[in-house]
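The listed protein sequences derive, respectively, from chains A and B. For the first sequence, counting from 1, position 62 maps to 62 in the numbering used here; every step adds exactly one. For the second sequence, counting from 1, position 45 maps to 45 in the numbering used here; every step adds exactly one.
One thing to keep in mind: the hints can contain errors.
Repeated chains share a single entry, so a pair holds when one copy, or any two copies, can fit it.
Straight line, CA to CA, 25 Å or less: simulated SDA-like cross-link-like pairs of lysine to any residue [as the list claims (entries may be wrong)]:
| no. | residue 1 | residue 2 |
| --- | --- | --- |
| 1 | Lys130 | Arg64 |
| 2 | Lys130 | Pro111 |
| 3 | Lys160 | Ala87 |
| 4 | Lys130 | Leu316 |
| 5 | Lys130 | Ala258 |
| 6 | Lys160 | Ile314 |
| 7 | Lys160 | Arg197 |
| 8 | Lys130 | Asp266 |
| 9 | Lys130 | Gln162 |
| 10 | Lys130 | Gln191 |
| 11 | Lys411 | Arg348 |
| 12 | Lys130 | Glu151 |
| 13 | Lys130 | Glu265 |
In case anyone wonders, no lab produced these hints; they're calculated from the structure.
2 protein chains.
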Amino acid sequence: MNFLNEVSSLFPSAVSLASGRPSDRFFDRLNPQVLLNAVNVYQNDSVGGHGGAHGWAHLLQYGRTAGIINELVAQQVQCDEGVPASADRVLITSGCQEAVALCLPALCPEPSDVLLVCNPTYIGAIGAAKATGVAAAALSNSEPCLADAIELAVLQLRQKSQQARAIYLIPDFDNPTGRVLDADERRNILQVCARHRLVVLEDNAYGLFRYDGDPVPPMAALDEVGSVIYLSTFSKTISPALRVGAASLPDTMFGDAAARRSLWEDLVRRKSFVTVNTSQIAQAIVAGLLIQNGGRLGDWIRPALDWYRENRDIMLCELDSVFSPFSDQIRWSRPSGGFFLTLDLPFRFGADCADECARRDHVIVTPLSFFALDNSQDCRIRLAFSAVTPEQIRTSVTGLGHYVARRLEQKLLRLRDGGARG
Amino acid sequence: MNFLNEVSSLFPSAVSLASGRPSDRFFDRLNPQVLLNAVNVYQNDSVGGHGGAHGWAHLLQYGRTAGIINELVAQQVQCDEGVPASADRVLITSGCQEAVALCLPALCPEPSDVLLVCNPTYIGAIGAAKATGVAAAALSNSEPCLADAIELAVLQLRQKSQQARAIYLIPDFDNPTGRVLDADERRNILQVCARHRLVVLEDNAYGLFRYDGDPVPPMAALDEVGSVIYLSTFSKTISPALRVGAASLPDTMFGDAAARRSLWEDLVRRKSFVTVNTSQIAQAIVAGLLIQNGGRLGDWIRPALDWYRENRDIMLCELDSVFSPFSDQIRWSRPSGGFFLTLDLPFRFGADCADECARRDHVIVTPLSFFALDNSQDCRIRLAFSAVTPEQIRTSVTGLGHYVARRLEQKLLRLRDGGARG
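Isolated chain A (complex conformation) (with noise of 0.2 Å):
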């Protein structure tokens, strides 16, 4: 995370498709006073109810553990991607991060509990797991269907008397892979879910941002047992300043009411002992946005949209036109949304790699490593084009392309060398 976040100060010539930022081109639609005006809107939204009628004083103080615009952030999900949330089962979180790091030792108490991630996967919820001591454990790649690694993984694990409580998946525009789960592997998936009482995390930071095809229902649209935990953000829609994210429990556990408003105390038990409560200016700022967009944020991130779409683009033609003579050896996705795409590459390409691609070629790329729990990803980088400029695209692109001729011509001269002597 730190390398994410962080790595382009140290390279500040280069260009960094690391970070899977949001683009800043749109945040002056965000200046200060639209900030100021979206915390009055809420104030004043005495109407709607929104507990805006409180007034400042009590927007500065301590509140609601749970949040106090979880109203609001129900309606967004169920307008925007079709999640029956309510009210009562939205806990607001300082982030996603936050909701993913309250709801895992909530879901895994046990030592012998686990959680089950695809490999690779996103970075913040293999260290959420560390972080909170909770063992995970990777799908199997070799099976070509999730669900039958998923039933697999669950077997595995109880022949060492261990038991799978939660998967964590990203269906839409996965981070780092870009992919989507279609409706029928999703339905497989919960099915084998519902069988083995496994909880979805079902984390939807990129859903929003597609740019062609049709969108999939998310799995918690799709969830008819009451397995699914739906996560969702405002960074990527809005500003990650905000740190405002949210975890909606669906109805029932598997059918019990009851096990949903322990589970839902419990994860607001924790949340007071973490973080006490999400900042109720930041929450402010969300609603006041939230209520003057209509309740919905579609309309309000289509430019970012469009942007992206474009860069995606762009970012396909310059892989096309640099990568085009090395195809046998090198093979890119070609994602229909979010913000990153992979490449495959015929070496090794680690955290000294990244460093000499820095450094030399002036592009900073995120080794697929990073994201792994075994050696499969050594080979794998991820390209982030949400945070950059079409220009910006084209010289990294042409610097990454320099980097992996210099990989390949010493590979080339390595195996002449080699055959010399052999």
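Chain A is fixed; fit chain B onto it per the hints.
For chain B alone, coordinates are given in the frame of chain A:
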């Protein structure tokens, strides 16, 4: 924690002496325009080199995990509290509670590691230990001297193959007891802690709120070996809604500079997996207010300080007047600062009693058993005088008087009945 922050909404007609909130009446100094100005002051402070020069878009992005206002915060704890803090050892957290929640598992990583706490102690410390899976052991109250109690606890744990690794302390105006440790006690504790390599987590939320007498130097200022992590917050001095606190590490951990750097990195890594970073908007507000106030908050809090002092005096006066007829059975503390005093009652006072007292006598008080690890505090309550008006103090102490009189009468009747039967 939920009780403390949310109970008042259950009994809206009762006066709450439950939560240690700052008084709302000084929040009008923090109207939205003031906060906006503070952000602008920080933004424009390129001279001070406090990072504002990077501009607004930079502020709205993801940012440095350890914080962006570390220099100003180091300066503030130096100026206001005499703590030898340095920016490169300050971690900005999402409220002081996050600092506790990060430090505990970092200092007590092994299952046999134990956190020592006073009994009673701040509920957030016990809760954070529970939430992060760290074992907590209460110091014995039968040792009159805290240093001896620590020594005893260390040895007793060792016999059970457990290691005391840290102690959580509020040396100034303790929550919940209001107690202040004198300089000798602090030095003795530091000696014992140095001998056993125990890290002191010094939580100083209330130190600036001293109403009489001379301040005692914080333990971090008396620390000569590198054993004290100093925890500070802007929740009481500015506003809880900012959710900005800080942990200031010593220069070395017990003389070992590498150990300090390694602990620092561990804390930063943990923070990245819990909240990523602290809201940069909230940090900018704190920074702007600090710059506007010459880097310190001593003058800023003066009006509140005077108000709290008067509240304390009024509460003591009311307690004297209402409870003097029972002075042989009821005792209360006379704190020289902070937000709390405690009452010792001649009967048990649990959650059910707090409920009855709130419903029938319209005053909400906190049972000290909520802060305890055993039943030693079952007959004590905490009264917070910070967030009430003089009028509310009068009516609430009168209400508490009615409750106590009723309980004493019941006790007397039971005694008589018992006597008649006996």
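Each hint tested on the structure:
In the homo-oligomer, the alpha carbons of Lys130 and Arg64 lie at most 25 Å apart only across protomers (21 Å), although the nearest pairing inside one protomer, at 28 Å, exceeds that limit. For a Cα distance limit of 25 Å, the shortest separation of Lys130 from Pro111 qualifies both inside one copy, at 13 Å, and across copies, at 15 Å. Taking the shortest alpha-carbon separations for Lys160 and Ala87, neither the intra-copy value of 40 Å nor the inter-copy value of 47 Å comes in at or below 25 Å. With identical chains, the CA atoms of Lys130 and Leu316 are never at most 25 Å apart, being 35 Å at best within one copy and 49 Å at best between copies.
In this assembly of identical chains, the alpha carbons of Lys130 and Ala258 lie at most 25 Å apart only when taken from different copies (23 Å versus 29 Å within one copy). Taking the closest pair of Cα atoms, Lys160 and Ile314 never come within 25 Å of each other, the shortest separation being 48 Å inside a single copy and 64 Å across copies. For the homomeric pair Lys160 and Arg197, the shortest alpha-carbon distance inside one copy (18 Å) is at most 25 Å, but the shortest distance between copies (38 Å) is not. Proximity of Lys130 to Asp266 under the C-alpha cut-off of 25 Å is found in both arrangements, the shortest distances being 20 Å within a copy and 12 Å between copies.
With identical chains, the CA atoms of Lys130 and Gln162 are at most 25 Å apart both within one copy (17 Å) and between copies (22 Å). Taking CA atoms no more than 25 Å apart as the test, Lys130 paired with Gln191 passes in neither setting, with 28 Å inside one copy and 34 Å between copies. Taking the closest pair of Cα atoms, Lys411 and Arg348 come within 25 Å of each other only inside a single copy of the chain (11 Å); across copies the shortest separation is 79 Å, beyond that limit. For the homomeric pair Lys130 and Glu151, the shortest alpha-carbon distance inside one copy (23 Å) is at most 25 Å, but the shortest distance between copies (32 Å) is not.
For the identical chains of this complex, Lys130 and Glu265 are neighbours both inside a copy (23 Å) and across copies (15 Å), given an alpha-carbon limit of 25 Å.
When the structure is compared with the earlier hints, violations turn up for hints 3, 4, 6, 10 and for no others.
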